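Participant: Letter by letter, the chains look like this.
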Amino acid sequence: MSAAAADTPRQIVAKAILTENSAARREVIGTLVGQGDESVAALFTAWREDALFIHSSADGAKTPVQLTGEKDSAGRQNALRVDDGQLLNGPDGKPLRLSASELTVVQHDRMLRLSMKAVIDLLDLAASSPAKRIQAVQTLGFAQDAEKLPALINRLSLEQDAKVKIALREAIALIQLKSADDAVKLAALKELKDLHTLASTDFIKAAQKEAEAAKKPELAEAARIALGAVENHRTAVNFFGTLFRGLSAGSILLVVALGLAITFGLMRVINMAHGEMIAIGAYTTYIVQNVFGSGLALSPFGLSFTIPGMNTTGLAYESYFLFALPLSFLTAAAVGIALERTVIQFLYRRPLESLLATWGVSLVLQQLLKLIFGSNNVQVSSPSYLSGNWTVFDVVFGWNRVFVIGFAVVIVFGIWMILTKTPLGLLMRAVMQNRGMASCMGVRTERVNMMTFGLGSGLAGLAGAFVSQLGNVGPFLGQNYIVDCFMTVVVGGVGNIAGTVISALGIGMADQSLQQILGNPVLGKICVLIAIILFLQWRPAGLFVTRSRSLDE
Amino acid sequence: MTSPLSAPITSSKRLKIEIGVVAVIAIFLIVIFPLLNAWGMVSNFHVSLWGKYLCYALLAISVDLLWGYTGLLSLGQALFFSLGGYMMGMHLMLMIGELGKYAEAGKNPNGLPDFMIFLGYTTLPDFWKPFFSFGFSMAMVVLIPGLVAYVFGFLAFRSRIKGVYFSILTQALTYCASLMFFQNNLLMGGNNGFTDFKRILGHTFADPATYRWLYIATAITLVLVYVGCRVLSRTKFGMVQQAIRDGENRVLFSGYAAAHFKLFVFVLAALIASVAGALFVPQAGIINPEEMKPEKSLEAVVWVAVGGRATLAGPIIGAISINALKSWATRAFPDSWLLILGGLFIIVVLFLPGGIVSIPGKISAFYKARFSKKS
Amino acid sequence: MPALLQLSQVETYIGGSRILRGVDLEINAGEVVALMGRNGVGKTTTLKSITGMLSIRSGSILFDGQRLDKMTPDARARAGIGSVPQGRDIFPHLTVEENLHVGLVVHGRKGKEARNALDYVYTLFPVLKEMLSRKGGVLSGGQQQQLAIGRALLTDPKLLILDEPTEGIQPSIIDHIGDTLKKLKKEGIPDDEVAVENAIKTIAKEGRLAILLVEQYVDFCRDVSDRFYAMDRGVVVISGEIATLTDEVVKKHLQV
Amino acid sequence: MPSPILAVEDVSKTYDGFKAITNLNFYLDQGELRTVIGPNGAGKSTFFDLISGRAKPNPGGKITFGDIDVTQRNEYEINRIGIGRKFQTPSVYSEHTVFDNLVLSLKGPRGVFSSLFKRLNSGDRDRLDDLLKLIRLDDKRSWKAGQLAHGEKQWLEIGMLLASEPKLLLIDEPAAGMTDAETHRTGELLLSLAGKHSLIVVEHDMGFVRQIASNGKVTVLHQGSVLCEGKFDEVQNNQKVREVYLGRGKH
Amino acid sequence: QETVKVGVLHSLSGTMAISETSLRDVLLFTFDEINAKGGVLGKKIEPVVVDGASNWPLFAEKAKQLLEQDKVAVTFGCWTSVSRKSVLPVYEKNNGLLFYPVQYEGEEESQNVFYTAEAVNQQATPAVDYLLEQGYKKFYLLGSDYVYPQTTNLVLLEYLLSKGVPLANIGGGLKEEGGKVISAGKYTPFGHTDYQQIVAEIKQFAAGGGAAVISTLNGDTNVPFFKEYAAAGLTADTCPVVSFSISEDEFRGLPAKQLVGQLGCWTYFQSIESPANKKFIADFQAWLAKSTVSGIVKEGRVTCSPMVLSYDGVYLWKAAVEKAGSFDVDAVRKALQSGLSFDGPGGKVTTQKNMHLTKNVFIGETKADGQFKIIKSFDNVVGEPWLKGKYKK
Ligand SMILES: Nc1ncnc2c1ncn2[C@@H]1O[C@H](COP(=O)(O)OP(=O)(O)OP(=O)(O)O)[C@@H](O)[C@H]1O
Ligand SMILES: Nc1ncnc2c1ncn2[C@@H]1O[C@H](COP(=O)(O)OP(=O)(O)OP(=O)(O)O)[C@@H](O)[C@H]1O
Ligand SMILES: NC(N)=O
Ligand SMILES: [Mg+2]
Ligand SMILES: [Mg+2]
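Protein chains in written order, with this note's numbering: chain Z, 1 to 553; chain V, 1 to 375; chain R, 1 to 256; chain C, 1 to 251; chain D, 1 to 393.
It is worth saying that the hints were derived from the structure and are not from the lab.
As the structure is a prediction and not an experimental result, all values here were calculated from the model.
Keep in mind that the hints are not guaranteed to be accurate.
As the list claims (entries may be wrong) - Label-pair distances were calculated between CB atoms; the ranges are:
| id | chain 1 | residue 1 | chain 2 | residue 2 | range |
| --- | --- | --- | --- | --- | --- |
| 1 | D | Lys37 | Z | Met310 | 39 to 47 Å |
| 2 | D | Pro166 | Z | Phe305 | 36 to 44 Å |
| 3 | C | Gly247 | V | Phe366 | 54 to 62 Å |
| 4 | D | Gln69 | Z | Phe305 | 48 to 56 Å |
| 5 | D | Lys71 | V | Ile340 | 20 to 28 Å |
| 6 | D | Glu133 | Z | Ser39 | 29 to 37 Å |
| 7 | V | Thr235 | Z | Ile517 | 49 to 57 Å |
| 8 | R | Lys252 | V | Gly20 | 51 to 59 Å |
| 9 | Z | Pro130 | D | Glu177 | 43 to 51 Å |
What the hints assert, rightly or not - Listed next, the in silico BS3-like pairs over lysine-lysine satisfying Cα-Cα at most 27 Å (straight line):
| id | chain 1 | residue 1 | chain 2 | residue 2 |
| --- | --- | --- | --- | --- |
| 10 | D | Lys175 | V | Lys129 |
| 11 | Z | Lys62 | D | Lys388 |
| 12 | Z | Lys132 | D | Lys180 |
| 13 | C | Lys118 | V | Lys16 |
| 14 | V | Lys368 | C | Lys144 |
| 15 | V | Lys107 | D | Lys163 |
| 16 | D | Lys392 | Z | Lys209 |
| 17 | V | Lys101 | D | Lys71 |
| 18 | R | Lys252 | C | Lys133 |
| 19 | C | Lys133 | V | Lys16 |
| 20 | D | Lys257 | Z | Lys132 |
| 21 | D | Lys5 | V | Lys326 |
| 22 | Z | Lys421 | R | Lys251 |
| 23 | R | Lys110 | R | Lys183 |
| 24 | D | Lys37 | D | Lys279 |
| 25 | D | Lys175 | Z | Lys205 |
| 26 | Z | Lys117 | D | Lys257 |
| 27 | D | Lys367 | Z | Lys117 |
| 28 | D | Lys180 | V | Lys101 |
| 29 | V | Lys236 | C | Lys144 |
| 30 | C | Lys118 | V | Lys236 |
| 31 | D | Lys71 | V | Lys198 |
| 32 | D | Lys388 | V | Lys129 |
| 33 | Z | Lys190 | D | Lys138 |
| 34 | D | Lys138 | Z | Lys178 |
| 35 | V | Lys13 | C | Lys217 |
| 36 | C | Lys167 | V | Lys236 |
The C-beta atom is built at its ideal place from N, Cα and C for all residues, glycine as well.
Please put together the full structure from these sequences, using the hints given.
Facilitator: Take a look at the structure:
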């Protein structure tokens, strides 16, 4: 079936709306492919958003309409006819004002939306954004519809952008794979070999099968070669991808473990509440996000109260994360300092008991978080500047990951500076090595202890702000990290920041490569643990042993 | 703490008192309590509950043997507990036979454990077969965890891994094992583990008497282990053990191979934990990889600390009291009991470093101080 | 003029046992006082009571007009008490240089003053200068002892407390230390260099440095001290000008 | 000439590029009491570390005790073949009583299983009582060693060393923290051991060194190797020794 | 007035508290609602709430306590299958009755458990039918490493193959042993936080279009997964994910904006436009607002399938008790097996002889406000516990 030549795109859409059968409806929509204008795109968008309706007049005539403009008190809006874009008039000739509740929504399903997309895709072939053009081209290519070929070839001659050109060549070749002409097929396979895109894999495989079935060795061979090229490319992508993922996994490990490297590594407090400090940082981020938005209501301990919001939107809203970073640090540091004053300070001489007390603290904090925020996870959305990615040669560099890597570098450098280049750092290290002697030299050990524990806790809080961008935020969030954190610090060598850095990166890399090789995250994790056990065989006191001559260290 | 200037208390008198107290408690636990149950004065529920507590007490002793007496803070004792449990569990699974779910549904002609049917097995894998024998299974309760402990301990102590490194390593070991046991293809029941046991040594679990006998076996084991450890701590071995705790490096220069001593204790503790686990599983009715999680080991450490480290009564008291508290509070304060428990840990550590067992000493010291001031 | 440091009837308990049973002791500004006694009589305990590592049960400690016994150890140190403990207590993972800097940082000594003070310590213990970047924990016993003394001097104390400072130190350096102590006491200026001269001035603060010395080595005590106290079983049993530390006194109170 | 009981040949030890011991050669005869002196940091304690197994020499060096190559043995094996050591900083089992410290050190089998069944016999008890008297800690036998004063710990450690009856005693600064009279007593004790046992003693107290080296040899270490070796007087008058070690004083 | 004790056995602490606390809340609400109307057989319901603490032996202990000490007439509880397995012998031994409300893997049919839960054919297979109908050709199976996902995926594997999907088009990996497929799909442990690798794999899997992900990831792990998914540029348009463990309640912790258009399949959605559902939601919210139960969160609460199935369970039990005229478990079971119906918030549910429930199944698409837009429904699907091998060709 083909639409009457006289029909405008709008009319075709109206016709489609009035078609009941969903397959038939898709076919009507299909006739729009390659034609149409901006209005069609707008209509389709409205359709997807349930803003198209069918108006039935008293005489039973059905008219597709779009509701637009301000709602009045009764919820009524202007109704635009879909077929001509004019206001719908009532029997009295005056424009009708309708409310959504009186009308029937035009239904749509997934396949219909795909058909609409195909229409829009062709519109998008000339879109101004290259990304949009690529998406359009790919959709057409994957559909392997010979009818679209001219449009694509035409576009290729006009196209300036290199990436879009590649996508166009790929799409053309994919469509040509379906050609009846073996020579064309052969050329297409050659082209695909040159392009070696990941997306072409399945299509080449299908072509290979077909060729084998049809006993066409030349084609099959060409397909095999093309596939080989794709697989080579895939190996390279996986290799670099794994490198990057290892780096980012290592950076996250580093960020979450750094605080522990201070409280446990430097201070020797076996701080089981480290995970909860991370959680506190994450919840702080959550609160800040809500304050930037519409506020937050909480009902801990049966009391209800509300934190008012600022109702910002757009970039102002998304800047919440920049404020959340320092605030997470400060909140967790404050909690850490309170903890140090009330519990930890009595345990410096009993490190193993610090494990028990801090475990108690961690239970209590988990319960408190649960009481305040509920046991469900809460929703922290990533600002747009953290949620995109760069894709270079099919390797995806997520911005959040890149940000974490950069951030890890910054805080490691910062900590290193504080500890080694400032008087405070010197005092911290002195106090942690020998509290009694440090106080005999006049160091205000209580204050230094407090600040050191505060720093470690603050860093954990900062890590919390980060993991809120990557994972869930809930009262038991800390439990997911605590084992890994201790492992990282211990493998690096307790009390050695440089060791922590290397061990975090090493574990991250090992984890990602093993996952890649074994194809199983659980086995990967087991292997990493076994590797750590073996590693400690070789270096029983971690990567960097800080040797001392005393008999009982 | 005894003052160095005061005359040492005659240890033989003390010993006699101790033997008396232990004997009384042992008789109560082994004889009187089960009798009360048989007479209906103690509910079946409490028998199986106390059976579990006593298993936990055994686990706590094993932790204390390592941590309290030898200075090895193992965060992996739950692994051996679970391994023992799994060995017992394998036997119990094979004893289900025609009573299982698939068998009921007529889908299990060969009496395989249900999870195997589910994975498509029709015959029992070879390594499962010997577990039909109770004796073999009990031998495995000793052998498998013992072997794991020996190999791990050998590697760790040989390379002189100690302190927190040892702790973290044991934690990694048990975590690793739990991940492994989670895997279905290990053929150990995956995440569900073993459950739905029907009978042991011909006795059905539907009969309260079965639980009573399990309880008695546990109580006897506990008393034996207590006495054994008490004797051990008084030998020269016990002295070396504690010397290792206080100055491992120095011990070497007295000619003792610290690694051998540690290995011995580590294996011994693993065996105690394993036996505890084997006794635990029929009474609790389930064993799954969750029991190997590092948190479980940590919990056992907490029992020891709360009860009193480096004593033998401490871990027993700690394990029983915390678990009893937990049983009670999860019913009485289902929402806030962790708050209570967490708070308790903090308070004990801060104000009662010697644990519960140090309370009588504290009280008597307090009265002594008042008394001496007056005089 | 009241004494710089005054202990009256100090009693200290360790773990329930009474170690000091009423110690009386006085040190004046610019004076070197030796505290002597057999092993285990409570010398170290006395020093720890002064520095605050042990708290006293009764009695009082006055320093420069302040009640010392109510202060935390670090406040005492900042009030002007520098100490070299028995066992040295070097910060093992700090480098030698960092070990020395701790004292400077705490007492806010910077720039030229700090450099002069450091130079002085280096002249006193040349070996430290060679070892600046090595970790304190790997030094030999004697080297650590030298580091501990140097470190204490850098906290700019009014009273320096030394617990067996010569233990484990080679003879030539013991002599050197002895000479230095005497010089410090006498506000004497070493005849070597100008830099050292300035440094001495800053350290000795016009003779306000007093020294309390626990020492087994009688000759050394005789050599450097002005007065002595001898302890037995937690009390001072005899004291006086150093000249009165005769061989009989030594035999009676210091030998078994 | 009797073959030496201890032969240290061409031994070096480097820590992170720092040469603590350099091409050291050292021989000790059976029953000899040798005094080793040298400036702080000369490598005396490191020398002991190498013999007792706490540290391993750089490859190439040889340390033989009797006919056993100790560089191939670890600490406890070396102790079991008869080399006992007292450390420079007193190291005792602080949570054990004085008595138990000695029991732990008493000569006898050291294995795990033998320790399970070991009982003290009357001979052992007599020996322990004698030792307690000798180190004058008889009345503190049930004190925890950690509660002892510094000097008392020194004595206890000497007692522990004696209890284990080693063939070779390595004694690092025994007189440190002792009164002059006790130092003298220590000297006599060491002299009485010579002959039956072999001893190497490190000390800085020249009075003490004079006392114990009256009949024996003194070795001076400097920067990790032997500076000179000889009778006490020879060494004392050696110009180089005075320069690096003794100073201008009356020593 | 006389009371009847009813057990509530859920994890209020530990990892599972995230999901199970809401079930405790809705149960208490239901009891209040019933009590306000006079209770059951004239007796008020007296809830006995215990915390299973995500600890399986403790679950068994608490079950024993409920049955032997408190002598409850019925228990509503459990979420994870392993908790159900651990209490099952206790219920069988004491002839107790447990109502189990959460989608599960089947392969079980105890006379002492009533499964209001979705069976695999009331959730997973309808969802696959929908995807096939929509023209998807490739399926990536991803789940948490435990029995429900493992089983579901094994059933789905058979199902997909039976529908003509070639093995090559099923992603995530297969594990075979001795010629038997013992595992299909990719599994991550509980608490897994790093999905980079898996998402990269999916991205390649989906590069040629026509692919969908079938996810049985549990609770927590969905968050890092979906955040990674979005960061890699994958969307519902390029490769939709249908999740079986994300209900509205879990959705509260997910970055909704990044999930728009992803699919879910349950026997209830909060967005169902029926008067019964509207009333249920309003009543529940009102109850929350005035509730004084400790630890109840009042803000931002939603309703979801496990909650509604808990609610339905209580009413079905009430109906059965009333039909039997007694609280006796055998009598109540008999009544339950006789085909009782209840018009719940998700539509009519009817009990089956095999202790399962016939109910409606809905497929929904997530929206930015955290709700599902229902795009397809299947009416009166019969719950079938024994599915493994059923679709095998
Ligand atoms: N923790 C403790 N518990 C009980 N008594 C102790 C403790 N520490 C030290 N003592 C005792 O206190 C007494 C005094 O010890 P102190 O260290 O002051 O002696 P000292 O005079 O410095 O001896 P030395 O010359 O050997 O260093 C000793 O008898 C010692 O045993
Ligand atoms: N483990 C180590 N790491 C680094 N350097 C070390 C180590 N052990 C010893 N040294 C260095 O070797 C040198 C020799 O030290 P040693 O302790 O042997 O000297 P010593 O002769 O015993 O001195 P003292 O008389 O002061 O005790 C010192 O400079 C020391 O810093
Ligand atoms: N049944 C489940 N979801 O474990
Ligand atoms: Mg002293
Ligand atoms: Mg030395």
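Participant: So, for every hint listed, does it hold in this structure?
Facilitator: Taking the hints in turn, this is what the structure says about them:
1. D:Lys37 x Z:Met310: 39 to 47 Å: holds (45 Å)
2. D:Pro166 x Z:Phe305: 36 to 44 Å: For D:Pro166 and Z:Phe305 the Cβ distance comes to about 58 Å; the hint is violated.
3. C:Gly247 x V:Phe366: 54 to 62 Å: holds (58 Å)
4. D:Gln69 x Z:Phe305: 48 to 56 Å: The hint (48 to 56 Å, Cβ to Cβ) is violated, given that D:Gln69 and Z:Phe305 are roughly 39 Å apart.
5. D:Lys71 x V:Ile340: 20 to 28 Å: Since the Cβ atoms of D:Lys71 and V:Ile340 sit about 26 Å apart, the hinted range of 20 to 28 Å holds.
6. D:Glu133 x Z:Ser39: 29 to 37 Å: Holds, at about 31 Å.
7. V:Thr235 x Z:Ile517: 49 to 57 Å: holds (51 Å)
8. R:Lys252 x V:Gly20: 51 to 59 Å: This hint holds: roughly 53 Å between Cβ atoms.
9. Z:Pro130 x D:Glu177: 43 to 51 Å: holds (49 Å)
10. D:Lys175 x V:Lys129: Within the cut-off at roughly 24 Å; holds.
11. Z:Lys62 x D:Lys388: Violated, because 50 Å separates the two Cα atoms, which is more than 27 Å.
12. Z:Lys132 x D:Lys180: Measuring from Cα to Cα gives roughly 46 Å; hence the hint is violated.
13. C:Lys118 x V:Lys16: holds (22 Å)
14. V:Lys368 x C:Lys144: holds (22 Å)
15. V:Lys107 x D:Lys163: holds (26 Å)
16. D:Lys392 x Z:Lys209: holds (26 Å)
17. V:Lys101 x D:Lys71: holds (26 Å)
18. R:Lys252 x C:Lys133: Answer holds: R:Lys252 to C:Lys133 is near 21 Å, not above 27 Å.
19. C:Lys133 x V:Lys16: Roughly 31 Å between the alpha carbons, so the hint for C:Lys133 and V:Lys16 is violated.
20. D:Lys257 x Z:Lys132: Holds. D:Lys257 to Z:Lys132 sits at ~20 Å (cutoff 27 Å).
21. D:Lys5 x V:Lys326: Between D:Lys5 and V:Lys326 the Cα gap is close to 22 Å, so the pair holds against 27 Å.
22. Z:Lys421 x R:Lys251: The given pair, whose Cα atoms are some 54 Å apart, is violated under the 27 Å limit.
23. R:Lys110 x R:Lys183: The hint holds at about 24 Å.
24. D:Lys37 x D:Lys279: Status holds; Cα separation ~16 Å.
25. D:Lys175 x Z:Lys205: The hint holds at about 23 Å.
26. Z:Lys117 x D:Lys257: holds (21 Å)
27. D:Lys367 x Z:Lys117: Holds. D:Lys367 to Z:Lys117 sits at ~19 Å (cutoff 27 Å).
28. D:Lys180 x V:Lys101: With Cα atoms ~22 Å apart, D:Lys180 and V:Lys101 stay inside 27 Å; holds.
29. V:Lys236 x C:Lys144: With a Cα-Cα distance of about 17 Å, the restraint between V:Lys236 and C:Lys144 holds, given a limit of 27 Å.
30. C:Lys118 x V:Lys236: holds (6 Å)
31. D:Lys71 x V:Lys198: holds (23 Å)
32. D:Lys388 x V:Lys129: holds (26 Å)
33. Z:Lys190 x D:Lys138: With a Cα-Cα distance of about 26 Å, the restraint between Z:Lys190 and D:Lys138 holds, given a limit of 27 Å.
34. D:Lys138 x Z:Lys178: holds (20 Å)
35. V:Lys13 x C:Lys217: violated (55 Å)
36. C:Lys167 x V:Lys236: Holds - the C-alpha atoms of V:Lys236 and C:Lys167 are around 24 Å apart, at most 27 Å.
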